[in-house]
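In our numbering, each residue's number is its place in the sequence shown (first place is 1) plus 10.
Hints may contain errors.
Using C-beta positions, here's what the derived DEER-type ranges look like [said to hold, decoys possible]:
hint, residue 1, residue 2, range
1, D130, D79, 17 to 23 Å
2, P143, D24, 55 to 61 Å
3, E160, R232, 38 to 44 Å
4, D150, I180, 24 to 30 Å
5, K28, L175, 44 to 50 Å
6, T39, R84, 45 to 51 Å
7, I222, L175, 14 to 20 Å
8, D40, L133, 23 to 29 Å
9, K36, N142, 36 to 42 Å
10, D40, K66, 54 to 60 Å
11, Q59, E129, 18 to 24 Å
Read the hints as simulated data drawn from the structure, not as lab findings. Where a beta carbon is used, it is the ideal one built from N, C-alpha and C, also for glycine.
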Amino acid sequence: MAKKIYLSGKISGDPNFKEKFAQKAKELTDQGHLVFNPAQHPDMFTWEQFMELDLKALANCDSIYLLDDWKDSRGAKIEYDEALRLGKEILFEEKRDIDNSIKAEIQEVKSYKFRVALEDGSLTPWQYSDHNPTKNDLDDVKKYYTKLAEKKRLEQPADKTKVLLDYKKIIWNDYISAVRTFLPKEKLNDRKAVLEASKHALAKQADVTGAIGIINNEFSKRGVKSRATLVKAIKEAAYPEFSKKQENKKSNDDDFGHGR
11 MAKKIYLSGK
21 ISGDPNFKEK
31 FAQKAKELTD
41 QGHLVFNPAQ
51 HPDMFTWEQF
61 MELDLKALAN
71 CDSIYLLDDW
81 KDSRGAKIEY
91 DEALRLGKEI
101 LFEEKRDIDN
111 SIKAEIQEVK
121 SYKFRVALED
131 GSLTPWQYSD
141 HNPTKNDLDD
151 VKKYYTKLAE
161 KKRLEQPADK
171 TKVLLDYKKI
181 IWNDYISAVR
191 TFLPKEKLND
201 RKAVLEASKH
211 ALAKQADVTG
221 AIGIINNEFS
231 KRGVKSRATL
241 VKAIKEAAYP
251 EFSKKQENKK
261 SNDDDFGHGR
């Protein structure tokens, strides 16, 4: 009769574990059984996450098949202990008296299952240990998952609103930088030169059509409503020191007029 068999043995530290597991899985499959082979997992999870997945798979199998080196594996010993707890059929690669081995191994193998609460109130996945977890164990798990959460947060796509604002800022800054290139200070009072510089600066944009809307919006925020105010806004954006100088001049003129 076909059985659903969970294959268990040493993986960590064995460079040939895939071939070893594949060969045994084929033997059992050729006998007509369905085999769950944990060595086929993609390398994308932590050890604890693999254990969580594997123990769920074990719970849905009829039997566990232990390769000869299973005692050298922390994970395999946890799987063996879990299989005993669930009442699964225990199969060994080496020939042995299963009933006697169960009695002996129950005394030798003990696994501990625990979760840790994080600062945000969430819980870590189940952790599995071959000893009663100490405070250091709990702290290490907490630090690991806190760093993992922070890494995921940093790797998430940036907020679309912020990306759009940054893009608009880049377009505007590139435009103003180009205006300064085409508009020397000595021509600041030449209206035609200011408008020509603006025209050339706009032409340097990779996407002129898209840039026009962004730049016009910036000018609107600066109160541009006519060609005269446009020229003034271009000069003030390209040369802030010019704007400050004009303000100081106006202030001095006002003071002089008041003194009269």
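Taking the hints in turn, this is what the structure says about them:
1. D130 - D79: 17 to 23 Å: For D130 and D79 the Cβ distance comes to about 40 Å; the hint is violated.
2. P143 - D24: 55 to 61 Å: Distance hint for P143, D24 is violated at roughly 26 Å.
3. E160 - R232: 38 to 44 Å: Holds - the Cβ-Cβ distance for E160 and R232, about 40 Å, lies within 38 to 44 Å.
4. D150 - I180: 24 to 30 Å: Violated, at about 43 Å.
5. K28 - L175: 44 to 50 Å: Hint holds: Cβ distance 49 Å, inside 44 to 50 Å.
6. T39 - R84: 45 to 51 Å: Taking Cβ atoms as reference, T39 and R84 lie about 27 Å apart, which means the hint is violated.
7. I222 - L175: 14 to 20 Å: The hinted range 14 to 20 Å holds for I222 and L175, with Cβ atoms some 18 Å apart.
8. D40 - L133: 23 to 29 Å: For D40 and L133 the Cβ distance comes to about 42 Å; the hint is violated.
9. K36 - N142: 36 to 42 Å: With Cβ atoms ~39 Å apart, the hint holds.
10. D40 - K66: 54 to 60 Å: This hint is violated: roughly 26 Å between Cβ atoms.
11. Q59 - E129: 18 to 24 Å: Holds - the Cβ-Cβ distance for Q59 and E129, about 20 Å, lies within 18 to 24 Å.
Violated hints, listed in ascending order, are 1, 2, 4, 6, 8 and 10; each of the other numbered hints is respected by the structure.
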